[in-house]
Each structure stands twice: as structure tokens, then as C-alpha cells.
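Visitor: Take a look at the letters that make up each chain.
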Amino acid sequence: MGQFLQQLINGIQIGSIYALIALGYTMVYGIVRLINFAHADIFMFGAYMGFFLAPVMTKIFGGAFIPTIIAAMLITGLLGFVMEKLAYRPLRYKSRLSALITALGVSIFLENFCALPFVFGPAYRAFPDLIVAGNLPISASLGLTIPYVLLLDVGVSVFLMVLLFWFVNKTLIGKQMRAVAFDKPTASLMGINIDVVISTAFIVGPALAGAGGILYGTTYGMLGSPFLGIWPGLKAFIAAVLGGIGNIPGAVLGAYVMGISEAFATSVNSNLGYGIAFVILIGILLIRPSGLLGKFMPEKV
Amino acid sequence: MLLEVRNIDVFYGSIRALKDVSFTVEKGEIVSIIGANGAGKSTTLRAISGILRASSGSIIYDGHDITHTPPHLIARMGISQVPEGRGIFGNLTVQENLDVALSSVKDKKTAGPNQDKVFSLFPRLKERRRQISGTLSGGEQQMLAVGRGLMQNNPFMLLDEPSMGLSPVLVEEIFGIIVEINRLGKTILLVEQNAFKALSIAHRGYVLETGSLVLSGAAAELRNNPDVKKAYLGG
Ligand SMILES: Nc1ncnc2c1ncn2[C@@H]1O[C@H](COP(=O)(O)OP(=O)(O)OP(=O)(O)O)[C@@H](O)[C@H]1O
Ligand SMILES: [Mg+2]
Numbered sequence: 001m002g003q004f005l006q007q008l009i010n011g012i013q014i015g016s017i018y019a020l021i022a023l024g025y026t027m028v029y030g031i032v033r034l035i036n037f038a039h040a041d042i043f044m045f046g047a048y049m050g051f052f053l054a055p056v057m058t059k060i061f062g063g064a065f066i067p068t069i070i071a072a073m074l075i076t077g078l079l080g081f082v083m084e085k086l087a088y089r090p091l092r093y094k095s096r097l098s099a100l101i102t103a104l105g106v107s108i109f110l111e112n113f114c115a116l117p118f119v120f121g122p123a124y125r126a127f128p129d130l131i132v133a134g135n136l137p138i139s140a141s142l143g144l145t146i147p148y149v150l151l152l153d154v155g156v157s158v159f160l161m162v163l164l165f166w167f168v169n170k171t172l173i174g175k176q177m178r179a180v181a182f183d184k185p186t187a188s189l190m191g192i193n194i195d196v197v198i199s200t201a202f203i204v205g206p207a208l209a210g211a212g213g214i215l216y217g218t219t220y221g222m223l224g225s226p227f228l229g230i231w232p233g234l235k236a237f238i239a240a241v242l243g244g245i246g247n248i249p250g251a252v253l254g255a256y257v258m259g260i261s262e263a264f265a266t267s268v269n270s271n272l273g274y275g276i277a278f279v280i281l282i283g284i285l286l287i288r289p290s291g292l293l294g295k296f297m298p299e300k301v
Numbered sequence: 001m002l003l004e005v006r007n008i009d010v011f012y013g014s015i016r017a018l019k020d021v022s023f024t025v026e027k028g029e030i031v032s033i034i035g036a037n038g039a040g041k042s043t044t045l046r047a048i049s050g051i052l053r054a055s056s057g058s059i060i061y062d063g064h065d066i067t068h069t070p071p072h073l074i075a076r077m078g079i080s081q082v083p084e085g086r087g088i089f090g091n092l093t094v095q096e097n098l099d100v101a102l103s104s105v106k107d108k109k110t111a112g113p114n115q116d117k118v119f120s121l122f123p124r125l126k127e128r129r130r131q132i133s134g135t136l137s138g139g140e141q142q143m144l145a146v147g148r149g150l151m152q153n154n155p156f157m158l159l160d161e162p163s164m165g166l167s168p169v170l171v172e173e174i175f176g177i178i179v180e181i182n183r184l185g186k187t188i189l190l191v192e193q194n195a196f197k198a199l200s201i202a203h204r205g206y207v208l209e210t211g212s213l214v215l216s217g218a219a220a221e222l223r224n225n226p227d228v229k230k231a232y233l234g235g
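Residue numbers (our numbering), protein chains in the order written: chain X, 1 to 301; chain R, 1 to 235.
What the hints contain is simulated information worked out from the structure, not anything from laboratory work.
Lysine-lysine pairs mimicking PhoX-like chemistry, simulated, CA-CA at most 20 Å apart:
no. : chain 1 : residue 1 : chain 2 : residue 2
1   : X       : LYS94     : X       : LYS184
2   : R       : LYS186    : R       : LYS117
3   : R       : LYS186    : R       : LYS27
4   : R       : LYS109    : X       : LYS170
5   : X       : LYS184    : X       : LYS295
6   : R       : LYS197    : R       : LYS230
7   : R       : LYS197    : R       : LYS186
8   : R       : LYS108    : X       : LYS170
9   : X       : LYS170    : R       : LYS126
All chains should be built: construct the whole structure from the sequences, respecting the hints.
Guide: Below you can see the structure in the form of C-alpha cells.
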């Protein structure tokens with residue numbers, strides 16, 4: 001029982017990080033029907049921003065976590081904005097395949113550029129401590145280990161997700177985003193500037209991935225290399241597909257399904273954790289081809 | 001002159017959907033464009049609202065050349081289009097559809113009273129404001145599309161087959177509403193399959209045939225024109 005609960009909370013922890021990444025995939029897909037492969041690298045970029053900024057932030061503010069995560073989100077948001085403007089906007093009305101290939105290209109470019117010695121470098125780096133290490137005192141008596149960082153991961157993710165839900169459902173720009181996702185020509189008849197809405201999705205999604213990067217660094221205490229985004233990115237992408245790509249609650253659900261199954265699979269065999277993502281994906285898509293919360297919608301062109 | 005369309009051509013790829021089309025709309029008028037399926041009526045409205053581009057010719061609205069203006073700016077300049085087939089945002093609630101229409105409205109203070117007006121014209125929308133609009137009935141969706149256009153509170157409205165798919169009672173109602181909003185000061189360009197109805201509320205009309213305007217005149221005149229009668233009014 002203790003073991004079961006332990007895997008469950010471990011899964012919720014990793015699922016929270018996947019959720020922050022998955023949301024960006026799904027938002028961008030919902031609006032421009034593009035799978036932004038480079039999203040995984042934006043997550044990586046956010047993690048490295050944490051590495052470089054944390055010492056500076058500690059100097060300026062004393063505490064590091066909150067200023068660092070905010071700064072990383074601003075920077076990754078900017079990165080997403082620039083990426084869309086330079087790489088994707090010129091292809092907006094071209095074939096979807098060329099945009100997809102461009103996304104792959106941007107991803108490979110970012111990974112290799114960041115791995116250059118004068119950028120981030122290819123080497124392993126220890127991630128600075130942004131919060132005090134340790135476990136929740138009561139956790140041992142429950143037969144569980146609940147590190148503070150787990151609470152941080154879940155708390156920050158849930159906070160950001162609530163913020164996002166509010167943004168998407170209650171603000172004018174959020175409603176505009178959903179309208180644009182449904183029907184662009186009609187949205188423009190409403191006076192909606194489609195470019196602004198697309199840019200917003202490319203800022204908000206990457207900012208969330210940047211936050212995910214900070215949580216990732218804090219959780220694992222190290223950054224392997226600028227290729228570190230690939231696996232979490234792939235799993236988060238699968239989570240988004242699982243939940244029904246384009247669907248925001250779906251991405252969150254998919255991410256937790258993914259995180260929890262992975263935690264259980266890893267506890268059985270550490271290699272199983274990697275494969276399980278695909279097994280779940282195939283299993284669920286066989287039963288529900290449009291994902292857990294996805295609907296088949298007539299696609300407007 | 002509120003709107004002047006001068007010699008526009010519109011293409012879909014290599015298909016020429018409009019050929020050298022010219023017409024005008026005066027402030028305060030209801031002008032109707034009638035024509036068979038595929039004549040180019042919707043294309044004409046889309047060219048005015050900017051979601052399609054004229055490849056030659058020009059479109060002047062209220063003294064401004066809007067031929068190359070992007071659609072969201074045209075909406076902000078004062079033209080609302082209620083698109084064919086309703087075009088509501090099925091993933092948004094009724095209320096959210098109305099909210100989103102405010103994107104073209106600068107002075108958001110007018111939104112409240114304006115929404116009250118929309119709800120008094122379409123009480124059904126008020127009852128259903130929290131419903132996801134994709135689950136509304138066809139007639140209700142049509143009301144929402146018109147209501148959403150009215151939320152924009154623009155002086156000029158392009159209506160593309162507002163009566164499509166409505167029961168006879170609702171058709172009466174929607175035409176009544178068009179006359180009503182025209183009386184309140186809006187200029188209307190109305191595209192209709194239901195040519196008889198359209199010509200009975202319009203001041204003037206144009207007949208479009210495979211991409212070209214072939215006839216124009218006062219609505220009453222067109223209604224009595226033997227060719228129009230034969231082709232569009234069922235004898
Ligand atoms: N997206 C498109 N691609 C190619 N051809 C199109 C497209 N939209 C319309 N057309 C063609 O352009 C012509 C004019 O179409 P349009 O929709 O303007 O007709 P309409 O007069 O509105 O007809 P209806 O009364 O059936 O709505 C038609 O021949 C149609 O097939
Ligand atoms: Mg039409």
C-alpha cells in the first residue's frame with residue numbers, strides 16, 4: 001500500500017512537469033495545427049536559464065526560486081514569440097508539411113546551437129539549489145518519502161494551470177484564442193487580429209515549458225546536456241495526443257496518465273518507463289482515436 | 001455613398017468567381033443581391049469584408065479604400081459580416097460568442113446596453129447564454145450569428161442568407177428584425193436565396209449571374225421584372 005501510494009505521488013510529480021510542457025504543444029496545435037517539435041527545446045532552454053540566472057537572482061533578491069522561474073518564463077516566452085515570427089509565420093499559408101519539417105529543423109538547430117562550447121556547452125551541469133532540500137517530516141511515519149521539491153512541482157504546476165484556465169476561459173484574449181482555433185476567417189470578421197492570437201499562444205505555451213524546465217532542474221539537480229528536452233518533450237507530446245491534441249484539459253489529463261503509468265512501470269523495471277509511453281498511447285488511441293477528451297470536429301479550412 | 005465596389009474580379013485559384021462587378025450602397029439603405037446557387041453572392045460579401053481579395057478593381061467604404069485592408073481592421077472600421085451557414089464558434093458558449101464579437105469594438109462601455117438590445121431581439125439567446133453554441137438548434141444558431149453581428153454595433157452589415165434553414169415563422173421574424181435594425185439606422189447589404197422576401201424588404205437590388213451583375217434597380221421594379229420573376233421568383 002505504501003509502495004503503491006509512493007508510486008502514485010511520484011507519478012503525479014513527474015506528470016506535473018509533463019503537463020506544463022504538454023500544454024504548449026496542445027495550445028499551438030489547437031491554433032495553428034502545427035506540432036512544434038522545438039517546444040521540447042524551449043523546455044530545455046528554460047532549464048538552462050535557471051542554471052545561469054539562479055546565482056544572479058540569489059544575489060539580487062536573496063531567495064532564488066520565484067525570481068528565477070519568472071525570469072525563465074519571460075525568456076522562453078520571448079523565445080517562442082521570436083521562433084514563430086522568424087520560422088513559422090513565413091510558412092503560415094504554405095503546406096503544413098513544410099511547417100512540420102521547419103519545426104524539426106528549428107529543434108535540431110536549437111539543440112546543436114546550445115551544445116556549442118560558447119553557448120551552453122555539451123557537458124553535464126549541476127543545477128543550483130533553488131529551495132531547501134529535505135522531506136516532509138510526517139512522510140516517514142506514513143511509509144512514504146515526500147520531498148519538498150515534490151510539493152513544489154505539484155504546487156507550481158497546479159498554480160500555473162489554474163492561471164492558464166482562467167486566462168483561456170475568462171479573458172477576452174483567451175476567448176479569442178478559442179475562437180481562432182475553431183474558425184480563423186470568421187474570427188477575423190469579429191475584429192480579432194489572428195497574428196496577435198497566434199503570437200500569444202507562442203508566448204504562453206513556451207513560458208509554461210520554461211517553468212517546467214526550472215522544475216525539472218530543481219527536481220533532478222542536474223542538466224545532462226542541451227539534448228535533455230528530447231525525452232520529456234516526447235512524452236509530453238504523447239500526453240497531449242493522449243488527452244486529445246488541441247484540448248487543454250486533455251493535455252493535463254494525458255500528462256498525469258503518462259506520469260503515473262511511467263512511475264509504476266519504472267518501479268517494476270527501470271527500462272519499462274520509456275516504453276510505457278508508447279504502449280499507453282497506442283492502447284488509448286485504439287479505443288479512442290481522437291484522444292481521451294478529444295472530439296472529432298469537422299475541420300474548417 | 002457608403003460603399004462603392006468598382007470593377008472587382010475575384011478568383012479561387014484559377015476559377016474566376018466574380019467578373020468586373022460594380023455596385024454601390026447608400027447610407028441607410030437595404031440593398032439585396034440575388035442570384036442562383038454559385039452565382040457569386042457570398043464571394044461578393046467575402047471580398048467586401050476582406051476574407052477574400054479582389055485581384056483587380058477596388059472597394060471604397062466611407063471614403064476609405066479597403067481593397068487591401070485586413071479583415072479584422074475592416075470589422076473595426078464599421079463593417080460586420082454575418083457569414084453564410086452561421087459560422088458561430090461551436091466550441092464557445094452563446095455568451096462567449098457575443099463577447100468575442102466585441103473584439104472589433106473600441107468603446108467597450110457600449111457593450112452592456114448593446115447586449116441588452118440583442119437579448120431583447122432574441123430572448124432565446126438570453127435563456128441559453130451558458131449553453132455551448134454548437135449544441136444550439138439550427139434556428140438558434142442563426143439567431144446567434146445575427147446577434148453576434150449586432151454586438152459589433154457597426155453601421156454597415158453584410159448578411160449572407162440569414163434566413164437559411166429557418167422555419168417559415170422564424171424567416172418572418174428574421175426579416176422583421178432586419179427591417180427593424182435598418183430603421184434603427186444601420187445600412188444593410190443582404191444576400192438571399194429567398195429572392196422574393198429579400199426584394200420585399202430591400203430598397204434596391206442587384207441580380208448576379210455566374211459572377212457578373214446582369215440587372216439592377218429599385219426592389220419593386222425587380223420584383224415585377226418578368227425575367228427576374230421567371231428565374232428567381234418561381235414564375
Ligand atoms: N473556396 C472555394 N474554392 C473554389 N471555388 C469556390 C470556393 N468558394 C466558392 N467557389 C466557387 O465560386 C462560385 C461562387 O460561389 P459563391 O459561394 O460566391 O456562390 P453563392 O452565390 O453564394 O451561392 P449560394 O447561393 O449557393 O450560397 C461558385 O462556382 C463556387 O463553386
Ligand atoms: Mg452563398
